[in-house]
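Could you put together the complete structure from these sequences and hints?
Residue numbers (this note's numbering): -9 to 209.
It is possible that part of the hints are untrue.
[Said to hold, decoys possible] FRET-style restraints, in silico, Cβ to Cβ:
hint, residue 1, residue 2, range
1, L85, F180, 30 to 36 Å
2, T142, L13, 20 to 26 Å
3, K36, A65, 26 to 32 Å
4, M15, P181, 18 to 24 Å
5, W17, A97, 28 to 34 Å
6, L20, E141, 36 to 42 Å
7, A116, L2, 19 to 25 Å
8, T118, L96, 21 to 27 Å
9, V32, E141, 25 to 31 Å
10, H172, E141, 17 to 23 Å
In case anyone wonders, no lab produced these hints; they're calculated from the structure. Cβ atoms here follow ideal geometry from the backbone N, Cα and C, with glycine treated the same way.
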Amino acid sequence: MNPVLPVVTAVLAACLYLVGLALDMFWLKLLTKPWLVVALAVAVWKHAGDGAGRRIAWGLLAGAVGDVCLALPNAFLPGMIAFAVGHGLYVLAFLHWSRAPAPALLAPVAVFAGTGLWLMLPGAGALTLPLTVYVFIIGAMIWRAAACALETRNDAFARWGLLAGAVLFGFSDFLIGIHRFHQPLPGVAFPIILSYWAGQALLAASAIRRRAWAGGTPQ
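This is the structure in structure tokens:
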């Protein structure tokens, strides 16, 4: 298969999703939303296929499942669970790359998570417990990405791209939570999906770069 074809297909699907978002076309959004992240998962599996890379790939696929769930009515909780699984897999991958305690990094992450919960929990209702657990998991993901960023033995992009991807993913989830549980934000769907895609792409690219830096991409 021409290696360019999956990339073109994924980018086309992403563009069609944005069209569906602008025109509020349910089926177009549902059919096109997950494919960019699926393509990223395939790329990571192929080019960063060590133990940690496989966890990143599975995490991306869990995100694609979450994408479909969030595009469906009444499937927010399954979507949250799918994304929580993805974040958990990212945490395991990051721990493979760095087990540094990095306690000083917990403070800004705690501020981020605490602010989110303070704003969202009053409107969470029956989702109070799963939302709290989810915020803790994504906080752990950002914390471990920050710990990896401080490991100077690796390539700068592999380290800082990973942190930027984690932060963008967290920002996207923060916007979703504020919009759903605190106050509707007009037009927020576009910054949500764009920051999410950028975050996932940076996580994938960082995993591939890290594997290449460590000794070459597997054929």
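query: At the C-beta level, are K36 and A65 separated by a distance inside 26 to 32 Å?
result: holds, 30 Å
field: Verdict for L20, E141 (Cβ pair) under range 36 to 42 Å
entry: This hint holds: roughly 40 Å between Cβ atoms.
- prompt: L85 and F180, beta-carbon distance inside 30 to 36 Å?
  reply: Taking Cβ atoms as reference, L85 and F180 lie about 33 Å apart, which means the hint holds.
field: C-beta pair V32, E141: status relative to the range 25 to 31 Å that was hinted
entry: Between V32 and E141, where Cβ atoms are some 27 Å apart, the hint holds.
- request: Evaluate the given range 21 to 27 Å for the C-beta pair formed by T118 and L96.
  value: Since T118 and L96 have Cβ atoms about 23 Å apart, the given range 21 to 27 Å holds.
Outcome of range test on Cβ distance (A116, L2; 19 to 25 Å): violated, 38 Å
Consistency of beta-carbon spacing, L13 to T142, with hint 20 to 26 Å: Violated - the Cβ-Cβ distance for T142 and L13, about 48 Å, lies outside 20 to 26 Å.
task: Hint says 18 to 24 Å; check whether the CB-CB distance for M15 and P181 agrees.
output: Cβ of M15 to Cβ of P181: about 20 Å, so the range 18 to 24 Å holds.
task: Could you see if the CB distance from W17 to A97 stays within 28 to 34 Å?
output: violated, 45 Å
field: Satisfaction of the hinted span 17 to 23 Å by the C-beta atoms belonging to H172 and E141
entry: Cβ of H172 to Cβ of E141: about 36 Å, so the range 17 to 23 Å is violated.
Of the hints listed earlier, those the structure fails to meet are numbers 2, 5, 7 and 10, in rising order.
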